[in-house]
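Asks: Turn these sequences into a full structure, and let the hints steer you where they fit.
Chain order of the listed sequences is A and B.
Residue numbers for the first sequence follow our numbering, beginning at -3 and rising by one.
Residue numbers for the second sequence follow our numbering, beginning at 54 and rising by one.
Hints in this document: simulated from the structure, not taken from any laboratory.
Virtual Cβ for every residue (Gly too), placed ideally from N, Cα, C.
Since no wrong hints were added, every one of them can be taken at face value.
Below 25 Å or equal to it, Euclidean Cα-Cα: the simulated DSS-like pairs (lysine-lysine) are:
1) A:K30 x A:K223
2) B:K420 x A:K79
3) A:K56 x A:K3
4) A:K56 x B:K420
5) B:K420 x A:K75
6) A:K3 x A:K218
7) B:K420 x A:K177
8) A:K3 x A:K71
9) A:K56 x A:K15
10) A:K190 x A:K177
11) A:K79 x A:K30
12) A:K56 x A:K75
Short, incomplete list of chain B residues facing chain A, as computed with Cβ under 8 Å:
13) T424
14) F430
15) P528
Chain A stretches covered by chain B per the calculated footprint, using a threshold of three residues with CB under 8 Å from any CB of chain B:
16) 51 to 58
17) 73 to 80
18) 97 to 111
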Amino acid sequence: MSEIVMKLENLSKNYTLGKRSVQALSNLNLQVNKGDFVAIMGPSGSGKTTLLNVLGCLDKPTDGKVLLDGVDISKLPEKELCKIRRRKLGFVFQTFNLLPYLNARENVELPMEGTGLSRSERSRRAKELLQIVNLSGREEHRPHRLSAGEQQRVAIARALANNPAIILADEPTGNVDAKNKREIVTLLANLNLKQETTIIIVTHDGQVAAHTERVLLLKDGKILKEKQGLHSAKKKLMCPHCGSKIQINDTICPSCQKALNTGGEKIVGT
Amino acid sequence: MGIVTRAVRNISRRKMRALLVIIALGFSMAIMISIPAGITANQESTLGLTENLGNTISQTQATINQTLTQIDCTLSSSMEGFGFAPPDMGNSSSMFPGGGGAGGSGFTPGQFGNGTGRPGEFGGGAFGSGGTTAMNESLYLDLSSVEGVAAVSPSLQVSEGTNQTVEMMGRSFTRLVPDYVIEGISVTSELVGNYPVLPTNIIAGRNLQAGDSGVVLLSENNTAFFDAEVGDTIEILDESFEVIGVYGSSGIEDATTLYMNLSDAQALTSNIGYITTVTVFAENSNEVTEVASAISTLHPELSVTTGQQRLEQLESLQESYETALASAEATLAQTQSVAFQEIIVAVAATSLIVLFVMLYTVRERTKEIGTLKAIGFSNWTVMSQFMLEGVLLSLIAGVVGIAIASIAAPTLSGLLLPTASQFGSAGTFSLAATSTSSISIALTPELVLIALGAAVLLGTLGSLYPAWRASRTRPAEAMRYE
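Replies: Set out below in structure tokens:
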């Protein structure tokens, strides 16, 4: 049985806009297991980002429980939450949110501050992470000298700095071109496959969602339905079309010759 | 990548803004530094003035107390016939201040008793009509035995100078323009130690002492005339004397009088056995009138004057000193009050500049704050980061302020601090204390350290609220901020 890393129980989140109260999340239940690759989809205002913020300890629910490794984080003080964010979570944002006055390496080193690592260890690890995201040689470049895709890869490296159990990504491909979108999704997918990092991404993009394992469709603060993405097939090393055996790097099924990495329309079952 | 490096990079990120803020803060800091520097200079100047005036007042007071018992005895001009031949006013003359006459060059040795007698004989003295007349010292030894007399101080006063011929009403007069006045004082331990026979305000070297011979005590004016200082040997009437001390004139002594042993003065001016004044000190100030009367009875030829008139002058002088001192202190107090208000304004301005700049910075960087918190930065770290930026900004401004103040402190404090004219005249005394432009304003290391400390403190105060606000920002809200 898979290990539960995150569990939401009857989660609700209300906002007050002026005198009006808006329910962003309503009585939501969700379980995320270790190594899951989850996409949260839904129209604007459906509560995707709110859900991600609650999962990432950036916001507190109005009601219900958020259990992270069995601990209800909704009741924890800010001091504890910042420790959790540092040690267990990694964030990737749509607008990258790199600090403009720091270079790529320094941005990646940032979450490692105060973790006990020496300056040289932090620097070494940052370089390793930048290598993982294919940015070797760009370590000393500041964000404005990097392309959008490169900036997002720096942000992913930064999210991986403290080797988090969960990566939360809010529209990670929202500001990048198609080529970079593929690279970023592949990067996240490989992280999930190779390091068993739990990844939860919020996206509007069906193609991106298709590459995940579980796709949650959110509407009006509720999970409308959950689908299975292509990633589960990759994980199982089985073609979703013909059921024959595939390799992890295959893009086309060797048996049925159908594409394995395109289209959210190929989402299978619920 | 430490917190300090991040703070420095953040400040340098917006160079023009940082520059403008630093200049504004720098000027504010310069004002904060210049005003205390100006005040310190004022205080020092006033303290110096207070000290000088205080010394003068106490000296004057001491002189007044001593003058109370003082009786001056000179030979009355109407008594010149009394054993003293009137001078031969032909070509020689007495050369005392106020003395008329023609020819000669001062009270030259040998001229005394010109043609009519030898020195030491009555009738030979020519000390000037209307001036002081020479007296035979030995005739007045009995003064000390008059009842109520505590001490008798004989002295010889001779002016030395150059003759100047002036035309007046069709007649030609020659008068002496004195360069200096030789005053021979009987320097016995009893007189020197207990009575005001010598100046008291010694500014270099020492005063005359009992037994001194071959030495002189110069006034400040004398030092310029002789171009000499303590330890030098000067020539007076072709005799060598060592300068043992210099006195500052308190306004009581003649500013050109030099003091020496009486016997030296007598020998130097060829007046052995002669004096010009006998100063008698009564035992008690209440008995001065009686003693003066007894002296007049004993020596009717003497013109006896008590210190009453001198006393009045001294009292008037002391009064004006005290007025000046009070005025200086009042002016300083007012200056300090104005300075205090200005410093408060400068401190408030500095804090507000830091406050607004940091508030703006926090607002501008809300998203960054959200990001930092999302990646695990604690409230404290975020707060430290912003506070450090505020403090660094102030510290740089502090250094700039010190640089500005080191150049423009006199101008700034001159502009900001009131001057003497704004508070009215301080009387006859020059109150440099109230005119900062005339004072050298020095930035002491203490003041520089205090200024840097103030910069850190104001930076901390100004950035405290913005930094706290930054640290309290909820990450989810901060991330939504555009």
